[in-house]
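Visitor: Generate coordinates for the entire structure from the input sequences, incorporating the hints supplied.
Numbering-wise (numbering that gives the first Met the number 0), the sequence shown opens with residue 0 and increments by one.
Be a bit skeptical, because a hint or two may be false.
Quick list of in silico lysine-lysine cross-link-like pairs, DSSO-like style, CA-CA up to 30 Å [what the hints assert, rightly or not]:
1. Lys88 with Lys17
2. Lys53 with Lys87
3. Lys87 with Lys17
Computed beta-carbon distance windows for the label pairs [to be verified]:
4. Ile30 with Ser51: 29 to 35 Å
5. Asp89 with Glu68: 27 to 33 Å
6. Ser61 with Gly27: 26 to 32 Å
7. Ile63 with Ile32: 20 to 26 Å
These are calculated hints, taken from the structure and not from any lab test. As the structure is a prediction and not an experimental result, all values here were calculated from the model. All C-beta atoms in this analysis are idealised placements derived from N, C-alpha and C, irrespective of residue type, glycine included.
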Amino acid sequence: MTFRDTQNMFNRITKNEKNQDNRQKFVGRVIEIAFVTQAIIIGINGNLDVLSGKPVLDVIPSMITQAIELIVKTHRTQKSAEEIDRIKKDRIAQNPDD
Numbered sequence: 000m001t002f003r004d005t006q007n008m009f010n011r012i013t014k015n016e017k018n019q020d021n022r023q024k025f026v027g028r029v030i031e032i033a034f035v036t037q038a039i040i041i042g043i044n045g046n047l048d049v050l051s052g053k054p055v056l057d058v059i060p061s062m063i064t065q066a067i068e069l070i071v072k073t074h075r076t077q078k079s080a081e082e083i084d085r086i087k088k089d090r091i092a093q094n095p096d097d
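Guide: Now the structure itself:
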């Protein structure tokens, strides 16, 4: 293997990593926006429930439950994304010619 071959392989790996990083950032932003939107919807829904006459003591536990569910979803999504990233990086490291 010549120096030029090594350099070309390195450039290919670097380009793949940059493209993957850009995709990951974009997907991460979309996921962040989705979770923030869900949080806003939980707040709006709770306020509408209170304004429509539901007792506050019934609405608050419901909102807390929804918020906890959202936190759990966020945590699971983050763990899943990290696992996928780790697997992809392992594949790139094992097969740099792909």
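Visitor: Does each hint fit the structure? Answer for all of them.
Guide: Evaluated hints:
1. Lys88 with Lys17: Satisfied, since the Cα-Cα distance of roughly 12 Å is no more than 30 Å.
2. Lys53 with Lys87: violated (49 Å)
3. Lys87 with Lys17: holds (13 Å)
4. Ile30 with Ser51: 29 to 35 Å: The hinted range 29 to 35 Å holds for Ile30 and Ser51, with Cβ atoms some 31 Å apart.
5. Asp89 with Glu68: 27 to 33 Å: About 32 Å separates the Cβ atoms of Asp89 and Glu68, which means 27 to 33 Å holds.
6. Ser61 with Gly27: 26 to 32 Å: This hint holds: roughly 29 Å between Cβ atoms.
7. Ile63 with Ile32: 20 to 26 Å: holds (23 Å)
Of the numbered hints stated above, the single one contradicted by the structure is hint 2.
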